[in-house]
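Knowing the structure of chain A, use the given hints to seat chains B and C on it.
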Amino acid sequence: MPTFSREEIVHLGDLARIALTDEEITRLQGELNVIADSINKVQEVASDDVPPTANPVPLEAYMRPDVAQTPLTQAEALSGAPKTEAGMFVAPRILGSEE
Amino acid sequence: MSISTETAALVKLSAAEQAAKVKAGEVTSRELVEAHLQVIESAEPSIKAFLKVSGDVALEQADAFDAKSAEDKAKLPELAGVPIAIKDMIVTKGIETTAASKILEGWVPPYDATVIEKLKAAGMPILGKTNLDEFAQGSSTEHSAYQTTHNPWDTERVPGGSGGGSASAVAAFEAPLALGTDTGGSIRQPGSLTGTVGVKPTYGGVSRFGAIAMASSLDQIGPVSRTVLDSALLQEVIGGHDERDSTSIPEGPRPMVAAAREGLKRDLKGLKVGLVKELDGEGFQPGVEARFNEAVAKLKEMGAEVTEVSCPHFPYALGAYYIIMPSEVSSNLARYDGMRYGLRVMPPDGVPQTAANMMAYTREAGFGDEVKRRIILGTYALSAGYYDAWYGSAQKVRTLIINDFKAAFEKVDVLVSPTSPSTAFKFGEKMDDPLAMYMNDIATIPANLAGVPAMSIPAGLSDDGLPVGFQLIAPQQRDEVMYKPAAALEAALEEDWGGPIWTSLKTPWLGE
Amino acid sequence: MAEKLMKYSEACKQFDPVFGLETHVELCTNTKLFCPAHIEFGGEPNTQLTPVSLGLPGSLPVVNKTAVDYAIKLGLALHCEINEWSQFARKNYFYPDMPRDYQISQYDKPTNGNGYLDVELEDGTVFRVPIERAHIEDDAGKNTHVGGADGRIEGADHSLVDYNRAGVPLIEIVTKPIEGAGDRAPEIAGAYMRAIRDIVRALGISHARMEQGNMRADVNLSLRRSPNDPYGTRSETKNVNSFRGIEKTLQYEIRRQAAILSEGGEILQETRHWDEATQTTAGGRVKSDADDYRYFPDPDLVMLHITKEHIAEIEAQMPEMPRERRNRLKAEWDLTDLQMRDILNADALDLIEETVKSGATAAGARKWWLGELSREANAKGVSLEELPVTPADVAQVEKLIADGKLNDKLAKQTIAGVLAGEGTPDEVVAKHNYKIVEDSGAIESAVEAAFEANPDVVEKLKSGNMKPMGVIIGAVMKATRGQADAKAVTKIVMSKIKS
Numbered sequence: 001m002p003t004f005s006r007e008e009i010v011h012l013g014d015l016a017r018i019a020l021t022d023e024e025i026t027r028l029q030g031e032l033n034v035i036a037d038s039i040n041k042v043q044e045v046a047s048d049d050v051p052p053t054a055n056p057v058p059l060e061a062y063m064r065p066d067v068a069q070t071p072l073t074q075a076e077a078l079s080g081a082p083k084t085e086a087g088m089f090v091a092p093r094i095l096g097s098e099e
Numbered sequence: 001m002s003i004s005t006e007t008a009a010l011v012k013l014s015a016a017e018q019a020a021k022v023k024a025g026e027v028t029s030r031e032l033v034e035a036h037l038q039v040i041e042s043a044e045p046s047i048k049a050f051l052k053v054s055g056d057v058a059l060e061q062a063d064a065f066d067a068k069s070a071e072d073k074a075k076l077p078e079l080a081g082v083p084i085a086i087k088d089m090i091v092t093k094g095i096e097t098t099a100a101s102k103i104l105e106g107w108v109p110p111y112d113a114t115v116i117e118k119l120k121a122a123g124m125p126i127l128g129k130t131n132l133d134e135f136a137q138g139s140s141t142e143h144s145a146y147q148t149t150h151n152p153w154d155t156e157r158v159p160g161g162s163g164g165g166s167a168s169a170v171a172a173f174e175a176p177l178a179l180g181t182d183t184g185g186s187i188r189q190p191g192s193l194t195g196t197v198g199v200k201p202t203y204g205g206v207s208r209f210g211a212i213a214m215a216s217s218l219d220q221i222g223p224v225s226r227t228v229l230d231s232a233l234l235q236e237v238i239g240g241h242d243e244r245d246s247t248s249i250p251e252g253p254r255p256m257v258a259a260a261r262e263g264l265k266r267d268l269k270g271l272k273v274g275l276v277k278e279l280d281g282e283g284f285q286p287g288v289e290a291r292f293n294e295a296v297a298k299l300k301e302m303g304a305e306v307t308e309v310s311c312p313h314f315p316y317a318l319g320a321y322y323i324i325m326p327s328e329v330s331s332n333l334a335r336y337d338g339m340r341y342g343l344r345v346m347p348p349d350g351v352p353q354t355a356a357n358m359m360a361y362t363r364e365a366g367f368g369d370e371v372k373r374r375i376i377l378g379t380y381a382l383s384a385g386y387y388d389a390w391y392g393s394a395q396k397v398r399t400l401i402i403n404d405f406k407a408a409f410e411k412v413d414v415l416v417s418p419t420s421p422s423t424a425f426k427f428g429e430k431m432d433d434p435l436a437m438y439m440n441d442i443a444t445i446p447a448n449l450a451g452v453p454a455m456s457i458p459a460g461l462s463d464d465g466l467p468v469g470f471q472l473i474a475p476q477q478r479d480e481v482m483y484k485p486a487a488a489l490e491a492a493l494e495e496d497w498g499g500p501i502w503t504s505l506k507t508p509w510l511g512e
Numbered sequence: 001m002a003e004k005l006m007k008y009s010e011a012c013k014q015f016d017p018v019f020g021l022e023t024h025v026e027l028c029t030n031t032k033l034f035c036p037a038h039i040e041f042g043g044e045p046n047t048q049l050t051p052v053s054l055g056l057p058g059s060l061p062v063v064n065k066t067a068v069d070y071a072i073k074l075g076l077a078l079h080c081e082i083n084e085w086s087q088f089a090r091k092n093y094f095y096p097d098m099p100r101d102y103q104i105s106q107y108d109k110p111t112n113g114n115g116y117l118d119v120e121l122e123d124g125t126v127f128r129v130p131i132e133r134a135h136i137e138d139d140a141g142k143n144t145h146v147g148g149a150d151g152r153i154e155g156a157d158h159s160l161v162d163y164n165r166a167g168v169p170l171i172e173i174v175t176k177p178i179e180g181a182g183d184r185a186p187e188i189a190g191a192y193m194r195a196i197r198d199i200v201r202a203l204g205i206s207h208a209r210m211e212q213g214n215m216r217a218d219v220n221l222s223l224r225r226s227p228n229d230p231y232g233t234r235s236e237t238k239n240v241n242s243f244r245g246i247e248k249t250l251q252y253e254i255r256r257q258a259a260i261l262s263e264g265g266e267i268l269q270e271t272r273h274w275d276e277a278t279q280t281t282a283g284g285r286v287k288s289d290a291d292d293y294r295y296f297p298d299p300d301l302v303m304l305h306i307t308k309e310h311i312a313e314i315e316a317q318m319p320e321m322p323r324e325r326r327n328r329l330k331a332e333w334d335l336t337d338l339q340m341r342d343i344l345n346a347d348a349l350d351l352i353e354e355t356v357k358s359g360a361t362a363a364g365a366r367k368w369w370l371g372e373l374s375r376e377a378n379a380k381g382v383s384l385e386e387l388p389v390t391p392a393d394v395a396q397v398e399k400l401i402a403d404g405k406l407n408d409k410l411a412k413q414t415i416a417g418v419l420a421g422e423g424t425p426d427e428v429v430a431k432h433n434y435k436i437v438e439d440s441g442a443i444e445s446a447v448e449a450a451f452e453a454n455p456d457v458v459e460k461l462k463s464g465n466m467k468p469m470g471v472i473i474g475a476v477m478k479a480t481r482g483q484a485d486a487k488a489v490t491k492i493v494m495s496k497i498k499s
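Residue numbers (full-length UniProt numbering), protein chains in the order written: chain A, 1 to 99; chain B, 1 to 512; chain C, 1 to 499.
Careful, some of the hints might be misleading.
Below, a sample of chain B positions facing chain C; criterion: calculated Cβ distance under 10 angstroms [as the list claims (entries may be wrong)]:
| hint | residue |
| --- | --- |
| 1 | K68 |
| 2 | W107 |
| 3 | K118 |
| 4 | D245 |
| 5 | T247 |
| 6 | E328 |
| 7 | S330 |
| 8 | N332 |
Using 30 angstroms as the maximum straight-line C-alpha spacing, the simulated DSSO-like pairs for lysine-lysine come out as follows [what the hints assert, rightly or not]:
| hint | chain 1 | residue 1 | chain 2 | residue 2 |
| --- | --- | --- | --- | --- |
| 9 | C | K65 | A | K83 |
| 10 | A | K83 | C | K91 |
| 11 | A | K41 | C | K109 |
| 12 | A | K41 | B | K411 |
| 13 | A | K41 | B | K406 |
| 14 | B | K102 | A | K83 |
| 15 | B | K102 | C | K142 |
| 16 | C | K142 | B | K93 |
| 17 | C | K409 | B | K93 |
| 18 | C | K409 | C | K462 |
| 19 | B | K426 | B | K52 |
| 20 | B | K52 | A | K83 |
| 21 | C | K91 | A | K41 |
Over the 10 angstroms line for every Cβ pair with chain A, so calculated as not near, a few chain B residues [unchecked claim]:
| hint | residue |
| --- | --- |
| 22 | K23 |
| 23 | Y146 |
| 24 | E243 |
| 25 | E262 |
| 26 | G270 |
| 27 | E289 |
| 28 | D337 |
| 29 | M346 |
| 30 | E364 |
| 31 | A407 |
| 32 | D463 |
Calculated directly from the structure, the hints in this document are not laboratory data.
Idealized CB from N, CA, C, for every residue including glycine.
Only chain A is shown next, with the shape it has when bound in the complex:
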């Protein structure tokens, strides 16, 4: 049964890109262990012979034709941006390549 260590919460915060405070980490550790306890029981009935369901309505993908539609204008695309320069979105310094 999974339990949440402090290190685990810190790691999850990194993966989820949230700069959790120490206080939040402590609180989350307690809460998530309680929640985990109560939801763990799904494993009781999830036997190998049960197929998984990702989407509740049995549909197959609709595929759209390769026809262009009017795009957003540059002004619309940038309208919500916290910071722009030369028609582009500004990112602070990027460290190394992630991909």
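Chains B and C only, in chain A's frame:
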């Protein structure tokens, strides 16, 4: 501003009645909008249902409708001219949309959701954006980053959630109709707590394009109203296939209005109703159980054949939901990173001013506790070592719950249960206990996991004088099946009550 | 800090290389993979976006049918099993150029699985490269790094993001570990990449221009002492975007890893980068559990259903594959192996075939593209395709020669005019009034003038000494501004000296 008796009488009409007056030329759409804007102004200090009132936009839309020729008006849906409020989880072009989160503060979308396009085409003016739990995560609307919405039945209590704003706005006569989104009960549970009607359509029945995603495989947009017929009318306006949503069902909307009108005849002979054994009200608040049992007795009186049906995997639904939902949340809410829209918070001095840190500090500052809790939980559920045990198992439980429904619907036409285990609770009562808060959705979650349609209608007032909700669940893509008994039950109960449930509601904001 | 390298031949003697290639091919659909934004190379930043490709709240992806059909075509060309049901999955990680902070890719249910590609090496050897999968995914936007030296990420102050490329459809072709290549591993890798390039172009599903980033590859390599040993730890060199770069990456990695292993060192499992300037790979990030991408089925996209009937329909429209085509053209054009290789090395096969289709002879087309035009392209440092002359232009010039309207010299001048942007061959000819002077009167008078000016030459000719003929022809050409046909001039001279 004091509300005139005429205005109070006008806003208390159902949406269908308001539409009929517009059609008959007794009232214009502008007059309807003005009446509701007056009520909003007078009610909002005590209710706080709206995050943003878009009066100018609504009046402009109303005028455009009023200026149409009789011939053009006749081509529009029955609800044409009637205004509506929109949960702030749905994207509206030119009107600030925040999902009640600080991270989206000030965001003005450059596009409309499909449902908004449909409402505009139907000539239905948009009154404003209603409050919710941040990103629709919560059951009390207390998790809004902006304000707390009050329950019109007792302003010391919550309106339920996440769609507490839409439910309270409709219950308080600030709007005749509203749109909500329902991921685990966010339309039905507030409906239950505010004495209104709330419908979660079949998954895929209403386009999700433009509904801000919480948990994509569970989210559905649906109607909020004061009568069953109004919800049917609204669902036919917003429903139907949309090529911009891959999960949209190809078939058009079901004949729900006809079913609701049929129900008003109060003849349910031949209808098989199943009581879900696992949700029979046991352990629920006594008043909830009592009103539920009385409503079931009414169904029998009208000729319905009532039997008990077991759905053995429902006790696992809450666990599966609290794995699948946060998993999808963790991914859907990744895009709020301070790059393209919304909040950006740079790291404090001493922390490297990098893009990665900017994202982390933006998300730390922009998200509230409940959202962070779910993102962390979901990140965990999807991570490599635990995927099979958690996410994989939850998807299997989902299959089992779908199978439970299939088996049940082989025996009965419609399933019923109380909507929520309790009536409206007081502010702060469950804020420090996430699990207790999650239990609010115990009866509503199975329908989301299985994608089946479900609705909540008022079943009367509990001993505490607060509304109780009655849930009806129908098979997938058979939404009309629940509308008939719902309308019949509504009519039968209103006869007992001597009018709609709101005749017991005190509405000082209407000058009464 | 230079890394220790072992001599290549020595490294291959001591170790058995196992390599793999993950090739990203950008599809040339009209619109993006999940939204109807038109795709165009270049263009103003952030103008090829819909709410979907900008990742706006509430937006939803819908699959482009043409992209799926292109994937099926490629799957068929690579002898893959095309899965009746495939599924898109989300690959979750944060990066500023990713609008949703997850990539939509395929994980455990790709559209194409399990195929192979037979690759022909220069000496005619055929090597079979096993294919693991070829799946569909969407591309990210582009970062421009500002404030540092020459646009590099190191030392940059901030970055500017253009999301135009975000959502462009890609197919990632993943090979199985390629064994048994020995010291030919780099050559096989290069040939494989060129074969993929030729196939996707033949299928018309990608422009496959490596210099524009339409095609790029991640190169994996590990070494082991003997083919019977388990695989060693591998390095992954990311985003190599030239054929030579791929070959050199493998060579370098073989030498680098061999040097480490021979001294008893350990290979780090890391991502590296090929540096064109230094011709080395540089260490990047060590793989860690931070690479937990939390894949799960994208709940916004239901299963893709590809029926057998649809596959059969596409199969019926498949064009001839490059290797078969090369063999056919070699026979049709009556070429030796060497001649064919020259064409391929010059990247002129398509151009020559087009020129022949436009009416030229194979020999004529080959002469232009491998001769005059190759020299021109080399001088300008561009590819043949980039020259401002089309196969139709070349065929037109050839026709003018065949019709006797241009001689070699005028033909070259005409091509030069086309290259200079003066228009089509006909327009160039008209502009300069190029024509072979057929008016024998004009030639005769020019010949007579030349005779008068060179009486000694005329004497020699009359005595049967034909050596100074060139003097007369040269004088006539000069007088007719090169437009006289040398043969015609000779004929008239001959008749005059005999009379």
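Now for the hints, and whether the structure bears them out:
Annotation: interface hint on B:K68 violated; nearest CB of chain C at approximately 29 angstroms, more than 10 angstroms. Proximity of B:W107 to chain C holds as hinted, the smallest CB-CB distance being about 8 angstroms (cut-off 10 angstroms). Taking 10 angstroms as the C-beta cut-off, the interface hint given for B:K118 is violated, the closest approach to chain C being about 15 angstroms. Nearest Cβ of chain C to the Cβ of B:D245: about 5 angstroms, under the 10 angstroms cut. The hint holds.
Nearest Cβ of chain C to the Cβ of B:T247: about 6 angstroms, under the 10 angstroms cut. The hint holds. For B:E328, the interface hint holds, the least distance from its beta-carbon to any beta-carbon of chain C being 6 angstroms, beneath 10 angstroms. Below 10 angstroms, beta-carbon pairs count as interface contacts, and B:S330 has one with chain C at about 8 angstroms; its hint therefore holds. Annotation: B:N332 was flagged as interfacial toward chain C, and the flag holds, the nearest CB pair being 8 angstroms apart, inside 10 angstroms.
Proximity of C:K65 to A:K83 is assessed by CA-CA distance (about 36 angstroms); at most 30 angstroms being required, the pair is judged violated. A C-alpha spacing of about 27 angstroms is found between A:K83 and C:K91, which places the hinted pair at or below 30 angstroms, so the restraint holds. Taken as a hint, the A:K41 and C:K109 pair is honoured in the structure, with Cα atoms around 28 angstroms apart against an allowance of 30 angstroms. Straight-line distance between C-alpha atoms of A:K41 and B:K411 comes to about 28 angstroms, which keeps the hinted pair within the 30 angstroms bound.
Straight-line distance between C-alpha atoms of A:K41 and B:K406 comes to about 23 angstroms, which keeps the hinted pair within the 30 angstroms bound. A C-alpha spacing of about 17 angstroms is found between B:K102 and A:K83, which places the hinted pair at or below 30 angstroms, so the restraint holds. Between the alpha carbons of B:K102 and C:K142 the distance comes to roughly 28 angstroms, so the proposed pair stays at or under 30 angstroms and holds. For the given pair, C:K142 sits about 27 angstroms from B:K93 by alpha-carbon distance, which is consistent with the 30 angstroms threshold.
Proximity of C:K409 to B:K93 is assessed by CA-CA distance (about 67 angstroms); at most 30 angstroms being required, the pair is judged violated. Between C:K409 and C:K462, the direct Cα distance comes to roughly 29 angstroms. Compliance with the 30 angstroms bound is thereby established for this hinted pair. Under the criterion of a C-alpha separation no larger than 30 angstroms, the hint pairing B:K426 with B:K52 is consistent with the structure, at around 25 angstroms. A C-alpha spacing of about 25 angstroms is found between B:K52 and A:K83, which places the hinted pair at or below 30 angstroms, so the restraint holds.
The hinted pair formed by C:K91 and A:K41 meets the criterion: a straight-line CA distance of about 27 angstroms does not exceed 30 angstroms. With a cut of 10 angstroms on Cβ distances, B:K23 stays outside the contact zone with chain A, its closest approach being about 35 angstroms. Separation of B:Y146 from chain A is adequate, the least Cβ-Cβ distance of about 18 angstroms exceeding the 10 angstroms criterion. The Cβ of B:E243 does not lie farther than 10 angstroms from every Cβ of chain A; its closest approach is about 6 angstroms, which violates its non-interface assignment.
No beta-carbon of chain A is positioned within 10 angstroms of the beta-carbon of B:E262; the least distance is around 26 angstroms. Distance check for B:G270 against chain A: the nearest CB is about 28 angstroms away, which clears 10 angstroms, and the non-interface claim stands. Against the 10 angstroms criterion, B:E289 stays outside the reach of chain A, whose nearest CB is about 23 angstroms from its own CB. Look at B:D337: its CB is around 7 angstroms from the nearest CB on chain A, not clear of 10 angstroms, so calling it non-interface is violated.
The non-interface label for B:M346 is inconsistent with chain A: the shortest C-beta to C-beta separation is roughly 7 angstroms, within 10 angstroms. A Cβ of chain A approaches the Cβ of B:E364 within 10 angstroms, the least distance being about 4 angstroms, so the stated non-interface status is violated. Every CB of chain A lies more than 10 angstroms from the CB of B:A407, the least distance being 15 angstroms, so the non-interface label holds. Distance check on B:D463: its Cβ is at least 30 angstroms (rounded) from any Cβ of chain A, clearing the 10 angstroms threshold; non-interface status holds.
The structure does not agree with the numbered hints 1, 3, 9, 17, 24, 28, 29 and 30 stated previously, though it agrees with the rest.
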